[in-house]
Amino acid sequence: AQSVAQPEDQVNVAEGNPLTVKCTYSVSGNPYLFWYVQYPNRGLQFLLKYITGDNLVKGSYGFEAEFNKSQTSFHLKKPSALVSDSALYFCAVRDPRGGGNKLTFGTGTQLKVEL
Amino acid sequence: GAGVSQSPSNKVTEKGKDVELRCDPISGHTALYWYRQSLGQGLEFLIYFQGNSAPDKSGLPSDRFSAERTGGSVSTLTIQRTQQEDSAVYLCASSPRDRVANTGELFFGEGSRLTVL
Chain V
121 AQSVAQPEDQ VNVAEGNPLT VKCTYSVSGN PYLFWYVQYP NRGLQFLLKY
171 ITGDNLVKGS YGFEAEFNKS QTSFHLKKPS ALVSDSALYF CAVRDPRGGG
221 NKLTFGTGTQ LKVEL
Chain G
136 GAGVSQSPSN KVTEKGKDVE LRCDPISGHT ALYWYRQSLG QGLEFLIYFQ
186 GNSAPDKSGL PSDRFSAERT GGSVSTLTIQ RTQQEDSAVY LCASSPRDRV
236 ANTGELFFGE GSRLTVL
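So the protein lines, in turn, are chains V and G. Heads up: the first sequence runs through residues 121 to 235, numbered per the numbering used here. Heads up: the second sequence runs through residues 136 to 252, numbered per the numbering used here.
Hints are computed from structural coordinates only; laboratory data are not their basis. Careful: at least some of the hints might be erroneous.
What the hints assert, rightly or not - Cut-off 27 Å, straight-line C-alpha distance, at most; resulting in silico cross-link-like pairs (DSSO-like, lysine-lysine):
#1 V:LYS169 <-> V:LYS232
#2 V:LYS169 <-> G:LYS192
#3 V:LYS197 <-> V:LYS178
#4 V:LYS197 <-> V:LYS169
#5 V:LYS222 <-> G:LYS192
#6 V:LYS232 <-> V:LYS178
As the list claims (entries may be wrong) - Interface residues of chain V toward chain G, partial, derived using beta-carbon atoms under 8 Å:
#7 ARG162
#8 GLY163
#9 LEU164
#10 PHE166
#11 GLY179
#12 PHE183
#13 LYS189
#14 SER190
#15 SER206
#16 LYS222
#17 LEU223
#18 PHE225
#19 THR227
#20 GLY228
Built from N, CA and C at the ideal position, the CB exists for glycine as well.
Using the sequences and the hints, build the whole thing.
Okay, structure coming up:
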């Protein structure tokens, strides 16, 4: 079975400061990992993914995420947060061998960036 | 349209009534997913369609829930005898077949908010 955990319901950060949104996963094989963002009253938007290759992946809006196999983590990061980054962020995992084409999402982390 | 379209955007119904939620995926996308988003529960997988293959129904929470996809395009999620715990936002997503198989990137609609009184 595949699963993903987002241990923080909410993360608060001041504009201009670096931000980290945490995600850990559990799969039987090599994972495909994703971050999605949901702005208020909108559907989810794809942000970035890790499939293979470099452990540091870069995505939209200046976000990046680091795949750490030993810690089974895929934390989302941004060097300098903006107020407009405030949204709900979801981590997702897919086990291409055991999970078929189903993406399993975490419970989401609300990011609040304040002036 | 350019994106995934869902209707209705909001639905209020009484306990025990049946509801139908519609999803119109991006043209040409062969994969279609339904997820349910409840407060504090994240996204819960419900069902997955891929072309003419048998759907993956493993996420449907009870036999009151069913979904069909006609002609490989539009999908309808039906909830019979609705209960208050069915209140949630129901999200539909689609993807090209090769995108799903290789990376899993999904394109989501804005959802249908269901409130069962």
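Comparing the hints with the structure gives:
Taking the CA atoms of LYS169 of chain V and LYS232 of chain V, the gap is about 22 Å. The hint holds against a cut of 27 Å. Distance check on the hinted pair: LYS169 of chain V and LYS192 of chain G sit about 25 Å apart at the alpha-carbon level, within 27 Å; holds. At roughly 10 Å between alpha-carbon atoms, LYS197 of chain V and LYS178 of chain V fall within 27 Å of each other, so this suggested pair holds. Restraint check for LYS197 of chain V and LYS169 of chain V: satisfied, since their Cα atoms lie roughly 13 Å apart, inside the 27 Å limit.
Between the alpha carbons of LYS222 of chain V and LYS192 of chain G the distance comes to roughly 11 Å, so the proposed pair stays at or under 27 Å and holds. For the hint pairing LYS232 of chain V with LYS178 of chain V, the CA-to-CA distance comes to about 21 Å; that is within 27 Å, so the pair holds. For ARG162 of chain V, the interface hint holds, since its Cβ comes within 8 Å of a Cβ in chain G; the closest pair sits about 6 Å apart. For GLY163 of chain V, the shortest C-beta to C-beta distance to chain G is roughly 4 Å, which falls under 8 Å, so the interface hint holds.
Interface hint at LEU164 of chain V: satisfied, since its Cβ lies 4 Å from the closest Cβ of chain G, which is below the 8 Å cut-off. About 5 Å separates the beta-carbon of PHE166 of chain V from the nearest beta-carbon of chain G, less than 8 Å, and the hint is met. Evaluation of the GLY179 of chain V hint against chain G yields a violated restraint, the C-beta minimum of about 11 Å exceeding 8 Å. With its C-beta approaching chain G no nearer than about 15 Å, PHE183 of chain V sits outside the 8 Å limit, and its interface hint is violated.
Annotation: interface hint on LYS189 of chain V violated; nearest CB of chain G at approximately 18 Å, more than 8 Å. The beta carbon of SER190 of chain V comes no nearer than 23 Å to any beta carbon in chain G, farther than 8 Å, and the hint placing it at the interface is violated. Hint status for SER206 of chain V relative to chain G: violated, with the closest Cβ pair at about 18 Å, above 8 Å. Proximity of LYS222 of chain V to chain G holds as hinted, the smallest CB-CB distance being about 6 Å (cut-off 8 Å).
The restraint placing LEU223 of chain V at the interface with chain G holds, with a minimum CB-CB distance near 5 Å, inside the 8 Å limit. With 8 Å as the threshold, the beta carbon of PHE225 of chain V comes within range of chain G, its nearest partner Cβ sitting at about 4 Å, so the hint holds. The interface hint given for THR227 of chain V is met, as the beta carbon of that residue sits about 4 Å from the closest beta carbon of chain G, less than 8 Å. Hint status for GLY228 of chain V relative to chain G: holds, with the closest Cβ pair at about 5 Å, below 8 Å.
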